[in-house]
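Line order of the protein sequences matches chains G and H. Residues 8 to 560 (this note's numbering) are what the first sequence spells out, left to right. Residues 8 to 560 (this note's numbering) are what the second sequence spells out, left to right.
Since the hints were made in silico from the structure, they are not lab data. Fair warning: there could be bad hints in the mix.
No distinction is drawn between identical chains; accordingly, a pair holds when it is met within one copy or between any pair of copies.
Claimed, not checked - In silico DMTMM-like cross-links for lysine to aspartate or glutamate, where the CA-CA straight-line distance does not exceed 20 Å: (1) K273 to D90; (2) K420 to D336; (3) K381 to E92; (4) K427 to D333; (5) K353 to E385; (6) K260 to E322; (7) K523 to E92; (8) K420 to E238; (9) K427 to E378.
None of these values were measured; they are calculated from a predicted model.
Listed here are the chains, written in short residue letters.
There are 2 protein chains.
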Amino acid sequence: MATQLNEACVTLERSVRERVPPLLTDLYQFTMAYAYWRAGRHQEPAVFELFFRDNPFGGGFSVFAGLTDCLLFLRNFRFTDQDVEYLRSVLPLNTDPDFFTYLKGLDCSTVSISAVAEGTVVFARVPLLEVSGPLAVVQLLETSLLCLVNYASLVCTNAARFRIAAGPRRRLLEMGLRRAQGPDGGLTASRYTYIGGFDLTSNALAGRLYGIPVAGTMAHSYVTSFSSLEEVWPQTLVPSGGDDPIDFISLVKGWLGRVCQLLGAKPQQVREGELAAFLSYAIAYPHNFLPVIDSYSVSCSGVLCFCAVGLALCELQYQPLGVRLDSGDLCRQSVEVRCVFKECSKHFAVPTFESLLIVGTNSVSEQSLVELNKRDNEIDVVGVGTHLVTCTNQPSLGCVYKLIEVRGCPRMKLSEDPEKSTLPGRKAIYRLLDIEGHPQMDLICLSEETAPKVGVPLNYYSLGLDKAVQSFTPSQVTSLRIDVFSHGEIGLPLSSAPESRACAQASLQALYPHHKRLQEPENYPVAISERIHLLVSNIRRGNSKGSNFLLSN
Amino acid sequence: MATQLNEACVTLERSVRERVPPLLTDLYQFTMAYAYWRAGRHQEPAVFELFFRDNPFGGGFSVFAGLTDCLLFLRNFRFTDQDVEYLRSVLPLNTDPDFFTYLKGLDCSTVSISAVAEGTVVFARVPLLEVSGPLAVVQLLETSLLCLVNYASLVCTNAARFRIAAGPRRRLLEMGLRRAQGPDGGLTASRYTYIGGFDLTSNALAGRLYGIPVAGTMAHSYVTSFSSLEEVWPQTLVPSGGDDPIDFISLVKGWLGRVCQLLGAKPQQVREGELAAFLSYAIAYPHNFLPVIDSYSVSCSGVLCFCAVGLALCELQYQPLGVRLDSGDLCRQSVEVRCVFKECSKHFAVPTFESLLIVGTNSVSEQSLVELNKRDNEIDVVGVGTHLVTCTNQPSLGCVYKLIEVRGCPRMKLSEDPEKSTLPGRKAIYRLLDIEGHPQMDLICLSEETAPKVGVPLNYYSLGLDKAVQSFTPSQVTSLRIDVFSHGEIGLPLSSAPESRACAQASLQALYPHHKRLQEPENYPVAISERIHLLVSNIRRGNSKGSNFLLSN
């Protein structure tokens, strides 16, 4: 088991190294690094933080993801000779050649990261990562870290919302690879939608790399590839007990006749190709029979073929799994199909037949999942592709990476657009919980402040709201971030996808329902300490240092 | 040059091998492959085709992309022992072990592909790829081919629309990596937005891998990292002529005083840190001075600092490049900044100063680019990120891969939803052009039909419209697809990104303006031949073979 886990880590690390080389970044990181280097500032200690400004999808929360990849990226951060030669060819001609020697020697051994744990519920404007180290190096990391966190957190949050919409019991299958934004978009989606609350993926590589349970049986093309019973081979099946082979085609034909009679269906409307496809699949996989039944007509052919083959399997002591519906009105059809199953179950005295799985997979969106819960339906498993993996409702998260300190002095971007202003200085982030462990408020303090104490009132300012100081007495205090990277080494055991999933589901579970409502959620309070408020006011007020430097000389 | 190109190909192929292993597919491809294998049908000759049902973004055209990656994927299609062991662990226990031996031996040496050339303008429902080969193998290729074509074509089409919105002269810079759907999403976007009509990318790796011109100078963090002129080092700059070093700080201070006086600006509002940042950058890159000027206030500080440093550079015989605006109303600000440039140009007698570049980069969408053209503005280069790379308006294309022939017999999916029905049989696709070479109609024929002839009237049916047969006399006939892969080998020289870009731009150029209007374009006619129409009617009418097989036995 340990070997297996280790092998998974090695594979994961290689995959990050290949997909996220340090050259996968914006050119201006290098031009800036050069300017710092040229000014002798590249080694100055600097701190950046990474956050997003709004929860996605009009929601009240997000799920933080992408940390494992960030850490593996940092551990492998080294430019190849080829990279450096390429940079030499595109940077201005007058770039000092010693800069390229400097780049060749760079790694992240002097970088430290403190971060929220992978899979934690987080909120807008709370700094998720704090990255400290030499100015030029931490600047160079910007684009890659953003790229790794942005989509991972977005699609994980999207999956969490689908899970909320679906309710806790219905099983959710991710099947978006073919519609994803590139091959790695698909792989990333499979991984983080699982963490966000999906149960299964169709993506075989994601299964291998991340240990996510995989699922899938057949497509329409399998069905339409058959036209006649003559294509079915072998034509026999050995009963589950293990006796002599039975002529399975004759057996199924018999069942088809009885099923048609029971349901008053017309045998001449049954598609021979569809029956042949189901027969053939059942002979190959008698324990795993779950065909797609809408290639022609569900009621006139698909469900009849399924029942005939399924009942024949039951007769041979196999247990069919169920059916998949991939077009039309899934709710209505699932109810009709369930009726057929119940009728067959009762009439032919096959009790298990009434509780067969019904899988629905037709352009399911968050909204259609919400609708589905309001209508009668018999869908046990929902497969989701496009809307899940491409995040149709909002296809990007908008994380930013902002400089907050240089040489121990706080830095702040004072934009004309106040939304784009940043919070200066190094920080500690606390999550204040009520007595039952539900999060009540995230509090952003300066790192040198003492931590809030249980039972002791504290003063705070609501972030983004022009309100007067308020007071709050915490019942439980947790620190939201932990040190995860220093001296070039990852400072914690890397979470597997199932572990991150457990963390995410527990974190979502703790959140009050009014904060995780899909539409018009109640705002979760994010606050800053009096000290930060004062620092921001000082910086805003004083053009402080340098305001009249021109006159002073 | 040839060596360089060859090296690029090798890098590209390795990248495809790493990012798109054949296990990156849906599990059901393997369960189906097993069922075919078990029934002895896996070697049956079969044909699939790949197409999309609607042009994206409510538009009238798309640009086909992703072919090069598909071909490299096919050439490298081989399962590793690890892949096969993984499949053994997830497929049902009763799977015949010989199947895994079969998988280990699989490659694409028996697969043939005919395809539209990379970068061609294409339309909904026209089959872009035809994939023929052994049933099990061509089935296994489905998800990967879809994944490679879907996003590439989508984002390439999106870029083409941005190019149309921007007009031919304005330069377009792609800068979406940090907001892309995963690292490879970003890399794919850089490549295909260039093909679609962008001029530059910020993505350094895309520059190295695909030879796309890269651009970028500085972020706000560079500016905010400075607080005082004391941080500027060296403080001197050697004039472009090559004389003794000049005290650049004093020179710039002098210019700042003159600029403030000219413009009636208050020197005490100028941010010392911003001036220090610009000074420092100009000393590092005197030939490439293009700072971002909105870190504090464009009018009170940014543009003044730029002019001071820029005019000092001019005095030393360097040519500053321009400025970047990254927030607020780009149009208004660009006009104001241009006024300042003109005033400085005139007053200080520096002619080049009035035509400096103004780069705008604030959440630009297709819509805002259209609006921009309607308003006074002085923006020379537009940088686009999120909306371009994530295709906010429609983040997935929806290509499908459908079985059209098995053992020489046409196959068709007859869905209850007529939109989801397919066109049976192998086809030849012709593009009919008018006398000037503008495309007039795409005609889908059966492959055994003779090609349309210039000057000879042909009968056709409009696809998707319930219209009677119509007649058309072509002036020019081109075949839309070419054979690109057979016997495991790629049958044409792979296009570089610049070559595909040239093809795409020529193909877009040839299209009539009313077909490429961004809103409410005129429908481009896609038609089927009488023979296909007849075949579809026959299949729809006759439940043909197998209609009453149950009764017949």
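Status of each hint after checking the structure:
For the homomeric pair K273 and D90, neither the shortest alpha-carbon distance inside one copy (68 Å) nor that between copies (45 Å) is at most 20 Å. In this assembly of identical chains, the alpha carbons of K420 and D336 lie at most 20 Å apart only when taken from different copies (18 Å versus 52 Å within one copy). For the homomeric pair K381 and E92, neither the shortest alpha-carbon distance inside one copy (60 Å) nor that between copies (43 Å) is at most 20 Å. In this assembly of identical chains, the alpha carbons of K427 and D333 lie at most 20 Å apart only when taken from different copies (11 Å versus 45 Å within one copy).
Taking the closest pair of Cα atoms, K353 and E385 come within 20 Å of each other only inside a single copy of the chain (18 Å); across copies the shortest separation is 77 Å, beyond that limit. With identical chains, the CA atoms of K260 and E322 are at most 20 Å apart within one copy only, with a shortest distance of 13 Å there and 94 Å across copies. Taking CA atoms no more than 20 Å apart as the test, K523 paired with E92 passes in neither setting, with 50 Å inside one copy and 41 Å between copies. When the C-alpha separation of K420 and E238 is checked against a cutoff of 20 Å, the pair qualifies only between copies, where the shortest distance is 18 Å, while the shortest distance within a copy is 70 Å.
Taking CA atoms no more than 20 Å apart as the test, K427 paired with E378 passes in neither setting, with 37 Å inside one copy and 23 Å between copies.
The structure fails to meet hints 1, 3, 7, 9 from the earlier list, while all remaining hints are met.
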